[in-house]
Amino acid sequence: MNHQIEKCLLGRGINILPVIFLFVFLGCFSTNLYSQNIISREVTDYPGGSFSSTCSTSPYTSCIITLPPAKYGESYSFSIPLKSGITRSDISFIFTQVTNCSEGAINFTTDGKVEMLAASSCRPEVNNFIEIDLETISGSDGTSDRQKYYLPILRDPIKVVLVLDMSGSMSLPVPGGTAVRWEVLKNAVLLFVQKLEAFRQDRDSIAATYFSTDITQPGGPINSGFISITSDSDPTRSSSIIQTDMSGRGPTFLTAMGKGLLNSKLKLNDNNPISARKLVLLFTDGLQNVQPLVNPDGLTLSPGSYVLNSGPCTSLDSIHYYTIGMGDVTLVPEVLAQIAHANGGVALTTTTGAEEGDIYNFFQNQFANMLSGSSPQIVSRETGFLTSAGTTYSFPINGNVTKLYFEFINPNAANVTFKLEKGGKDLTSFVNVTNGTFYKTLSLPLPILNPELINSEGDWNLTLSGTSSKKYSLTCFVDDHFIDFSCQPQKALYTVGDTLKLDAKISYAGKPLTGAANKVQVVLLKPGDDLGDLLANYTDRRTDSLKDVAAGAETKYLHLIQSDSSFYKELLPKSQIIDLSESSNGLFKGYYKNTDLTGVYQLLYIVNGEISGYGKFQRQKQYSAVFKFGQINPSSTEIDATITTPSATTTHDGNSRTATVIVKPKNKFGHLLGPGYLSRIKFTVDPKQGIVKSAKDNLNGSYTFTVVNIPANVKPNIKINVMGELLYQGSFPTPKIHFWQYILLILLILILIFRYVNAHTGRTWVRMLIWVLIILCVIFMILQKQGIIHF
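Residue 14 is where the sequence shown starts when you use the working numbering, and the numbers rise one by one after that.
Some hints could be false.
DEER-style ranges, computed between Cβ atoms [what the hints assert, rightly or not]:
(1) ILE675 to LEU796: 16 to 24 Å
(2) GLY190 to PRO659: 14 to 22 Å
(3) PHE752 to LEU796: 16 to 24 Å
(4) SER97 to ASN448: 19 to 27 Å
(5) GLN644 to THR480: 45 to 53 Å
(6) SER401 to GLY98: 41 to 49 Å
(7) THR717 to ALA772: 32 to 40 Å
(8) GLY190 to SER499: 29 to 37 Å
With a straight-line cut-off of 27 Å between C-alpha atoms, the simulated DSSO-like cross-links for lysine-lysine are [said to hold, decoys possible]:
(9) LYS518 to LYS587
(10) LYS706 to LYS681
(11) LYS706 to LYS732
(12) LYS484 to LYS504
(13) LYS602 to LYS524
(14) LYS484 to LYS518
(15) LYS484 to LYS432
(16) LYS416 to LYS438
(17) LYS514 to LYS524
(18) LYS728 to LYS706
(19) LYS518 to LYS483
(20) LYS629 to LYS432
(21) LYS798 to LYS749
(22) LYS798 to LYS709
(23) LYS504 to LYS602
(24) LYS701 to LYS681
(25) LYS728 to LYS798
(26) LYS435 to LYS629
(27) LYS524 to LYS629
(28) LYS126 to LYS96
(29) LYS483 to LYS587
(30) LYS798 to LYS732
(31) LYS706 to LYS749
Note that these hints are calculated values from the structure, not bench results. Built from N, CA and C at the ideal position, the CB exists for glycine as well.
Start from the sequences, fold in the hints, and give me the full structure.
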């Protein structure tokens with residue numbers, strides 16, 4: 014009985030020896046079936062492609078090969094390479110297309126070719142690559158081989174219009190520095206176009222429009238059209254053409270931002286013979302003051318029936334607007350944020366008005382944002398001071414990266430030397446260097462094939478040496494089609510007190526990255542103080558005027574930011590780091606609630622992670638979140654309202670009266686609205702009871718409204734809305750009794766009580782005097798409340 018049990022361990026009636034024999038047979042058969050000896054996995058057989066690290070040794074179960082990329086709208090053909098000695102005609106190729114095409118198609122031939130026709134190029138339904146599984150079967154012995162491929166589909170060509178502010182305020186120095194704004198802009202545009210050259214595709218093109226009081230077109234060869242974005246090796250580079258054109262110009266007059274944007278739309282709509290993605294990059298340093306003006310919705314302009322996009326921003330033919338603002342003053346950040354949000358773009362606005370480094374940084378971020386999903390990504394940005402001993406920075410780079418690009422900015426860049434290493438090997442000689450008076454750029458295509466294979470995966474060390482008293486910045490970019498790091502804020506415009514949700518999602522090749530190896534942090538820069546409150550409480554002691562700015566809140570801001578160091582320091586941002594918690598499927602969540610200050614909050618998202626088969630990586634993105642005044646507090650808002658009857662000699666109707674209402678809005682956080690928001694205060698009166706004659710910004714946080722033609726014995730009904738919130742509605746407000754008046758009355762009563770308690774030591778006339786003062790105070794307060802007298 015026991016012997017029978019030993020032979021039937023897998024179940025009653027099943028003999029174990031035949032089962033073991035069957036497993037051995039199947040194992041041998043399986044080994045023969047999947048020999049992995051058909052498809053080549055040599056990197057030299059895939060020029061322009063790349064491999065995961067799991068392709069280096071057998072078995073290749075997790076190996077993924079990235080094929081040479083295809084360009085949308087162009088024909089493509091690639092023959093899957095086979096190992097030496099394999100006869101192609103003996104192999105059956107079985108392709109499975111995992112990623113669908115939203116339009117077009119991929120053709121797979123029986124002899125192992127992946128092909129696309131130019132007229133029917135595949136546009137991936139998701140991501141920007143096609144996932145393909147291949148099984149090959151040998152007709153001679155039945156063996157097979159399997160391999161997974163990624164086929165990148167490069168982006169459509171782009172048409173970019175630079176819309177650049179050339180108004181008079183661009184002649185001012187940047188806050189915190191001495192460099193003139195126009196000069197900083199010229200330098201930033203030069204580097205921006207150079208990056209477009211380094212990451213260009215065929216048929217990319219660029220145009221420019223300047224605006225001051227009116228629009229100005231560039232000279233030849235750009236004129237009112239486009240020029241091709243050249244390669245970075247072209248003898249006449251597009252970046253040099255644009256730099257030369259900007260160098261012949263200077264700031265003048267007013268700020269016709271609306272005209273500049275409409276001209277960019279005209280260029281893109283009239284000059285689009287190819288299927289190109291339409292992009293606008295707007296730069297401005299001040300408030301628009303020439304009609305037509307962009308409305309608060311960011312889409313329409315007035316007066317007139319102008320629009321920045323004729324259809325939804327999600328359509329293929331729409332124009333995407335990206336904005337950079339230098340100057341966190343009144344309505345500028347709000348308008349720029351809404352322009353970008355309503356038109357599928359991103360807005361970046363400085364917190365303090367713009368240090369020189371902010372502008373370079375913003376152009377770098379907008380370069381990556383404008384081509385988001387199409388490859389260029391920022392790894393990290395380092396700053397510091399040069400030393401002759403040298404400083405080394407390490408950049409973790411994942412596999413499947415096809416280019417490294419470094420941008421170094423410093424006034425003494427000509428004196429700087431670099432050394433690029435990986436794994437102890439000096440690779441500096443493989444780098445393409447562009448030298449400028451204030452910059453150096455380093456470009457390295459990957460992988461390096463000769464004299465030995467150098468892939469992108471691993472730590473890349475860049476050492477820079479030199480001397481300079483000025484701070485430098487060093488930014489690393491990569492050409493990566495597979496990492497997706499999305500973290501754009503949900504809204505363009507917030508109200509103080511709103512919770513700022515900080516969500517991020519990371520994935521590789523469409524698959525979420527999860528686990529402890531992946532971490533997302535947000536470096537949040539909050540304004541040092543409330544801008545509106547500061548503008549209201551600071552006094553502008555300068556009397557000079559600015560060429561392109563009318564007297565008002567913007568002039569006050571520019572005067573203070575340029576000449577009052579204490580005002581500038583009050584605005585300097587304060588930073589804190591927020592760790593996001595992993596939720597699920599590569600989604601990381603966090604929030605920030607301490608949003609009591611108006612102004613621009615900078616959000617720097619930093620992700621550190623690791624991809625199986627491709628190594629460690631780091632990426633960063635920056636966004637601006639604009640917080641506007643809100644949550645108004647009626648009880649703390651001062652409303653001083655009076656009605657007067659003009660003398661008979663100054664009016665045709667002796668019974669007609671005039672009212673003056675002074676409003677000083679304050680929110681529940683104790684901060685004033687501040688100057689510059691007259692257009693956002695809606696003051697209305699019952700038309701039968703009066704007419705609003707005038708409105709004035711007093712530049713101290715208060716606003717004065719004058720109502721005329723008030724009938725005799727009538728207190729008109731009024732309504733006051735501030736930034737879309739109701740402040741007051743009802744009959745004419747009675748004058749407010751000041752806090753100090755209540756304190757004075759209470760103090761007199763306490764003195765009177767003290768005198769009665771000590772009547773035997775006091776004098777009667779003193780008590781009588783106090784009584785008179787109390788009665789007078791009460792009478793004055795009653796008359797004041799009725800509007801008969803005013804304090």
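These are the hints, each one checked on the structure:
no.	hint	verdict
1	ILE675 to LEU796: 16 to 24 Å	holds (19 Å)
2	GLY190 to PRO659: 14 to 22 Å	violated (53 Å)
3	PHE752 to LEU796: 16 to 24 Å	holds (18 Å)
4	SER97 to ASN448: 19 to 27 Å	violated (45 Å)
5	GLN644 to THR480: 45 to 53 Å	holds (52 Å)
6	SER401 to GLY98: 41 to 49 Å	violated (57 Å)
7	THR717 to ALA772: 32 to 40 Å	violated (50 Å)
8	GLY190 to SER499: 29 to 37 Å	holds (34 Å)
9	LYS518 to LYS587	holds (26 Å)
10	LYS706 to LYS681	violated (30 Å)
11	LYS706 to LYS732	holds (15 Å)
12	LYS484 to LYS504	violated (34 Å)
13	LYS602 to LYS524	holds (18 Å)
14	LYS484 to LYS518	violated (33 Å)
15	LYS484 to LYS432	holds (20 Å)
16	LYS416 to LYS438	holds (18 Å)
17	LYS514 to LYS524	holds (23 Å)
18	LYS728 to LYS706	holds (16 Å)
19	LYS518 to LYS483	violated (37 Å)
20	LYS629 to LYS432	holds (22 Å)
21	LYS798 to LYS749	holds (7 Å)
22	LYS798 to LYS709	holds (25 Å)
23	LYS504 to LYS602	holds (16 Å)
24	LYS701 to LYS681	violated (34 Å)
25	LYS728 to LYS798	holds (13 Å)
26	LYS435 to LYS629	holds (14 Å)
27	LYS524 to LYS629	holds (16 Å)
28	LYS126 to LYS96	holds (15 Å)
29	LYS483 to LYS587	holds (23 Å)
30	LYS798 to LYS732	holds (20 Å)
31	LYS706 to LYS749	holds (23 Å)
This entry does not satisfy hints 2, 4, 6, 7, 10, 12, 14, 19, 24, going by the numbered hints stated previously.
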